[in-house]
Amino acid sequence: SLGQNYPNPFNPGTSISWTQPVSGQVRLSVYNLLGQNMATLVDGVHPAGEHEVRLDASGWNSGVYVYVLETGTHTLTRRMVLLK
Numbered sequence: 118s119l120g121q122n123y124p125n126p127f128n129p130g131t132s133i134s135w136t137q138p139v140s141g142q143v144r145l146s147v148y149n150l151l152g153q154n155m156a157t158l159v160d161g162v163h164p165a166g167e168h169e170v171r172l173d174a175s176g177w178n179s180g181v182y183v184y185v186l187e188t189g190t191h192t193l194t195r196r197m198v199l200l201k
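FYI, the numbering for the sequence shown is 118 to 201, going by this note's numbering.
Worth flagging that the hints you see were computed from the coordinates, not collected in a lab.
Here are the simulated lysine to any residue pairs, SDA-like style, with alpha carbons at most 25 Å apart:
no., residue 1, residue 2
1, 201, 156
2, 201, 180
3, 201, 124
4, 201, 123
5, 201, 155
6, 201, 129
7, 201, 175
8, 201, 179
9, 201, 169
10, 201, 149
11, 201, 158
12, 201, 151
With the hints as constraints, model all of the structure from the sequences given.
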């Protein structure tokens with residue numbers, strides 16, 4: 118499962134958490150609404166359990182961003198707002 122980032126709206130930092138039932142490959146990426154990859158926060162094998170990563174969006178423009186969690190079997194998406 119992919120949690121909603123906190124805080125939201127944020128400026129400039131926020132935390133994103135996810136839980137995975139089994140160990141496996143995970144990629145967590147952030148995109149702007151034009152589909153451009155702004156950051157890849159996680160890209161590797163992670164054990165089962167709860168995980169959290171911090172995003173520092175200093176230098177990014179205010180607006181809506183989408184973060185995407187991809188595993189071998191699922192793709193989950195949430196929106197977040199950077200408000201300066």
